[in-house]
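Engineer: The numbering of the sequence shown is this note's numbering, which starts it at 459 and goes up by one.
These are computed hints drawn from the structure, not numbers from a lab. Fair warning: this is a prediction, and the values are worked out from it, not measured in the lab. Glycine included, C-beta positions come from ideal geometry on N, C-alpha and C. Among these hints, one or two may not hold up.
Restraint ranges, calculated between C-beta atoms of paired labels, are given here [claimed, not checked]:
hint	residue 1	residue 2	range
1	Lys844	Thr1219	21 to 31 Å
2	Glu1115	Thr1318	50 to 60 Å
3	Ile1096	Gln1481	52 to 62 Å
4	Thr884	His1108	45 to 55 Å
5	Val1147	Thr1219	25 to 35 Å
6	Tyr975	Thr1219	20 to 30 Å
7	Ser1205	Asp1002	45 to 55 Å
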Amino acid sequence: MSKRHRIDLGPSQSSTKREKTNVTFNPYTGIDKNDDRLPNVICSNCQKIFHDIGNGILSRKIEIFDHSKLTINSKRNTRSSLNKTCLSQLSFNFNSNNGVPKIKKRNSSGRPKTGVSDFEVFFYNAPESVPNQKMLKFWRRRPFTPRYYELVTTRKLLPVWDYKDKFFDVLSKHQIIVLNGETGSGKTTQIPQWCVEYTRKHSKNNCVCCTQPRRVAAMSVAQRVATEMDVQIGMQVGYSIRFEDCTSSSTFLKYLTDGMLLREAMADPVMSNYSCVILDEAHERTLATDILMGLIKEVARKRKDLKIVIMSATLDATKFQNYFDSAPLFSVPGRTHPVEIFYTPKPEKDYLQASIRTVMQIHTCEEKGDILLFLTGQEEIEECCKRIKKEVESFGQDIGSLSVIPLYSTLPPAQQQRIFEAPPPTNSKNICGRKLVVATNIAETSITIDGVVYVIDPGFSKQKVFNPRVRVESLLVSAISKASAKQRAGRAGRTKPGKCFRLYTEDSYKEMTSNTYPEILRSNLASVVLQLKKLGIDDLVHFDFMDPPAPETLMRALEQLNYLSALDDEGELTPLGHLMAELPLDPQLSKTLVTSCDYNCSSEILSITAMVSVTQCFVRPPDMKSQSDQAKMRFAHIDGDHLSLLNIYHAFKQNGESPQWCYDNFINYRSLKSAGNVREQLSRIMDRVSLKRTSTPFTSRDYYTNIRKALVSGFFMQVAHLDKNGFYKTIRDGQNVLIHPSSCLESKPEWVLYDEFVLTTKNYIRMCSAIKPEWCLRFAPRYYDLSNLPEGNARKSLERVVLNNIKTDSLKSTLSNNKQMDSSQIICHYEKSLNYTLYDVKWIPQSAKFVALGSHPRGTGSLDIFQLGKELKLIHSSEKPNSFKCGSFGASVYGDRHLATGDFNGRMQVWDLLDDKSQSVFSSKGHEGIINCIDGIGGQNVGVGAAEIATGGRDGCVKIWDIRQTTPVVNIDPESHGNPRDCWSIAFGNNSNELDKVVAAGFDNGDLKLFDLRTLKILYEKQFKNGICSVQFDRPDIQMNKLVATTLESKIHLFNCNLFKGGINSIDSNIKKLPHLVEKAHKSTVWCVKHLPQNRDVFVTTGGNGTINLWKYFYPDNNENVGTLELVQDVLLSSQPISSFDWCKEKTGLAVCGSFDQVVRVVIVTKL
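Please construct the entire structure, taking both the sequences and the accompanying hints into account.
Structural biologist: Laid out in structure tokens, this is it:
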């Protein structure tokens, strides 16, 4: 049984147990930045080339050209031209005995008798001294530098070096090889060079590619190999990553990310440019690697000359061999050094703080050796580096120097190379310094760092996870696997015995999964499907994946691409899909960029795309958060983060890309430069596929609107709606989310789109912009099919838009049949969403303002005042303790500045609207339960000078108030009029013929009653089958006084009130019959009736089906009392009932209405 060591990460170290684990290491020397390359020794003054044979010993001089034939005509004869002149006279051949080149005679044509090109120089056969034995030295035309020979010795020490001949033997016999080489064995740097050597001898095509799962690995390894081969990076050896291509036409060894090779395969499905393809770090099972393995397996059947090497450090060899049709396994052991493993006795609550404590303990207590700390991401790494630097500074000279170096994928290449720097020297107290590399899991296998003796492993990493509920990929911090833990520990023993400090318990290690879950099983496959379709692979279900994803996941990806119009209903690529596949972007971003040409804003979308493709551009130092936030707001755009990024990019260019300007404005200069490079790369792709770069004139009002429309065209599936609880809710999945605190949005727009769904302690959406719902319906009608959307406020809002036939940015009506008023229209001029249920709206007399009354879910009420101008503006909002049910202007003794309201607690109040706080000037409780309806005697605008207000409540009571008193002056209780249960509607009569002394009330049992306020007796009553929803008298100065009543059974009734012409005293105490003029069916329950102030023969009804209906009464041609009631207009405004309506008395045709969908609307009825 092996023994374990435990440590306590507190102030003191506890006793430990020890375990020694054999791990591999790699004596991998870094790139010497001070390496001065020797100039080419061929010049006009020399006649000889000196070759160092063996271990750098000058062995022999050889005449190589006839000096008499060498002339230099001008300064334009550069060194390369001299080389060409000299080499044109050379022809070498190997001597098998001593490796000395021999001069060969030329034939009559001047060419060597052998088939060697004029520009090829054979390398000498120096046994046991130079790696590339018996190989054409075709990549150089000048002698090697001393640095090259230094690295030769180092390379010979690599564990893989002893297997070179065996590798050539296996590669020559098999098309596919599975190579299992432990980390540090040298496989990543040496195997590709060997493949170049092999293909040079056995293939017409000499180009070899080697994939890496990460960009930083591809760049750093390419730089290393270029140094080993003594060539310039980007020439014979290069790399290709997204948005950066460092290769040339002479490149024969290319390191590239697996995603870039997959993209190359779209244009060249059989990979004809390569004679050998190497997939490195295959055990990481990235999305692109899994696709490449399936693709290469197909290509291998078509190209028998293609050699394939699958390499990894810790792969499941049997699984890979079986997948590649029993391919041979080539194993390369690593160099072993013991590593002590330490665990914590209990789980750490804050692994970042525990990591910092461990770093300081190692630095102050342990022997010489560098430290490698694994963390999850850039923000965490930068925060940790700052805190460690402060800790070290606090100790002063009492401890050695500590060089803290971050390493993550978005770090610039020059900064990444710092990890190969030597540790700092000893200080004045003769205490040695050490190097600390704080890295992501990129340092597990992709890069080997010499000098590391101590590894700190918190046990976490960030993994891309696709959340099918919200349909968004997120980077989640999750526990690593046992394989990753072993890789991390192995980094401690590259040069000598090391220690690994695992900041988790041993039990936690035992519970870890054996291997990392393949990315293809936890990712959104939309990009994968688009790439496979572009490659011509249509049968996705039967594509040869090593671990096939669930069919449901593939179907979801197909569905997403179909919504994006990249695939048609048959699953075939559309022309738009072909263009999208050409761009190295996510499908949604690709769609945005392609369709931006249609909105004349592709140049701006190109800049935004570049900005979101790079790392965070804002810098927020912990000690200057306030200043950085202020600087950020200088670029903030009212419509959101995407336009804010555009503002930053434009400002950066306008200021000459100045680093000082970036520093002054707390902006990451490197990110802006990277964005510029990305933009250039995408611009070239757009030019190649004939996508024009256009812009809307900046002075146009559509400049920013077009940009937001283009964003919606691609990101319509990532839209959230503001719910009444203050949270945003995603459209399809109903997830409650919040806008990330880093957003530039100051307000809360009703609709937003977002780039990223962030899962932390709360659900956040990041990179948000305000949009309009009609854009979603216009650009993605299939996705926003209302029948497939879940119930909720978002659907209600969209239904409202759909039902009104969107025209530009305003909602216009659908016209109905009409009579004599066929030119009239009802148009929704403005609309505004509220966060409460809207019960009543009232236009403030003699103003362009109206009041909205409603109820919050939490039981409080809202009293909001809106001003109508060029836009609908909320000018006052107040929240009151009780929810409002109804309101009325009518107590003219107080004037038109006062509003009477009834609430859910039976209290009647009067509010002064000119007071900044809308103070109550009268308040009294008179009902038991809700006050359902209210009307003021001045509500008819007759100016009688009275102070009465009528209310009806759920208790069945009708009360008349004099607001100069604290109690009702008239109280009609239910017992006095037949015990109806609930008074639903109430209306004062007009002042004609003392009709102002009459109140009409409608009840839930279908009773319509007219009360004499003097005697409190019933003047008239009629029983209907269903409740009376609304009642209203028309104006007195018309041909006929009429009473309109509507019922729950969707009927409109008109009564003739001319019997009151002789005065109320002239009629009987109980009217036996009130002439019934009209009964008209309505499409739905009528919630509200309002006569047009300027013409009482015209009135509006609002329906429970969300309609507004305009009616006109036509008088009979004879003397009969009956006429006709005709529907002039029928307009659908909402999917919810229109609860209230009120006309503006000063402007004919202008009105306001409120509905249960929490939206208030201003409508215009034209040509009345």
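Engineer: Now, for every hint given, state plainly whether the structure supports it.
Structural biologist: Structure-based check of all given hints:
Look at Lys844 against Thr1219: about 23 Å separates their beta carbons, and that is inside 21 to 31 Å. Between Glu1115 and Thr1318 the Cβ separation comes to about 53 Å, which falls inside the hinted range of 50 to 60 Å. A hinted range of 52 to 62 Å for the beta carbons of Ile1096 and Gln1481 is consistent with their spacing of about 58 Å. A C-beta distance of roughly 50 Å is found between Thr884 and His1108, which places it inside the suggested range of 45 to 55 Å.
For the hinted restraint 25 to 35 Å between Val1147 and Thr1219, the CB-CB distance of approximately 43 Å leaves it violated. The hinted window of 20 to 30 Å between Tyr975 and Thr1219 holds, with their beta carbons roughly 24 Å apart. Look at Ser1205 against Asp1002: about 52 Å separates their beta carbons, and that is inside 45 to 55 Å.
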